[in-house]
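Novice: The letter at position 194 of the sequence shown is residue 194 when you use this note's numbering, and the numbering goes up by one with no holes.
These are computed hints drawn from the structure, not numbers from a lab.
It should be emphasised that the depicted structure is a prediction, and the values quoted were computed from it without experimental measurement.
Nothing false has been slipped in among the hints.
Derived CB-CB ranges, DEER-like: (1) Ala110 / Leu18: 52 to 58 Å; (2) Asp127 / Ala160: 16 to 22 Å; (3) Lys201 / Glu91: 30 to 36 Å; (4) Tyr17 / Arg200: 42 to 48 Å; (5) Asn205 / Ser58: 19 to 25 Å; (6) Gln130 / Gln151: 19 to 25 Å.
Once the Cα atoms are required to be at most 30 Å apart in a straight line, the calculated DSS-like pairs of lysine-lysine come out as: (7) Lys114 / Lys140; (8) Lys194 / Lys114; (9) Lys140 / Lys201; (10) Lys201 / Lys114; (11) Lys140 / Lys194.
For glycine and all other residues, C-beta sits at the position ideal for the given N, C-alpha and C.
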Amino acid sequence: MDTTQAPARPRSLTPLYLLLAVSLAPVLFALAAYYIPALGLRPAESNAYGQLIEPQRSVPAQALLPLQTLDGQAFDLQSLRGRWVLVSADESACPESCVRKLFILRNSHASQGKNVDRLARVWFVTDSGQPSEQILEAYKGTHMLRADPQQLAPFLAPGAPGQAPEQAVKNGMWIIDPNGNLMMAFPGDADPLKVRTDIRKLLNNSRIG
Numbered sequence: 001m002d003t004t005q006a007p008a009r010p011r012s013l014t015p016l017y018l019l020l021a022v023s024l025a026p027v028l029f030a031l032a033a034y035y036i037p038a039l040g041l042r043p044a045e046s047n048a049y050g051q052l053i054e055p056q057r058s059v060p061a062q063a064l065l066p067l068q069t070l071d072g073q074a075f076d077l078q079s080l081r082g083r084w085v086l087v088s089a090d091e092s093a094c095p096e097s098c099v100r101k102l103f104i105l106r107n108s109h110a111s112q113g114k115n116v117d118r119l120a121r122v123w124f125v126t127d128s129g130q131p132s133e134q135i136l137e138a139y140k141g142t143h144m145l146r147a148d149p150q151q152l153a154p155f156l157a158p159g160a161p162g163q164a165p166e167q168a169v170k171n172g173m174w175i176i177d178p179n180g181n182l183m184m185a186f187p188g189d190a191d192p193l194k195v196r197t198d199i200r201k202l203l204n205n206s207r208i209g
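The task is simple: from the sequences and hints, build the whole structure.
Specialist: Next comes the structure, spelled out in structure tokens:
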């Protein structure tokens, strides 16, 4: 009986090549997207209306930014972590420019449908006066917190050129993300519809808050 064995066939390298191709495909795709803009694969630049704050600024510790409710109770801004916080600041007399900001943020909040509970609103009152009953009633649901503008300005508007802190913090509106970072700013005279749209995009695209 002939016991000679037939030589083993060489193994095909095709599965190995296929495995390498599958592994490298995402890397090659990413490189092509970045280095060959003509392919149209690179993500578009941010088209947000508001100004993204880079780097983001964390909510100050309570010792650095002590806050009080209008009835004198201490309030820790960290207690709002986990929600998107819409922020404005102004004196208690709340002139027309102040009312406009409160109105924009209240309506932007109220228009978010099923996402409305993911948001909170804060108005930093920058003096010791008492807002009118009309303002208190119209913007019920807003956290109205007394804050020293000197302590508030480094958080909201650091380095505002040629402006006193009291004025710098009155010139805008801001968003704090659920992780406690100040991440977007709007001018005080912002377009209400565009502010609302930016907030909707943040909520729809975010997995936090």
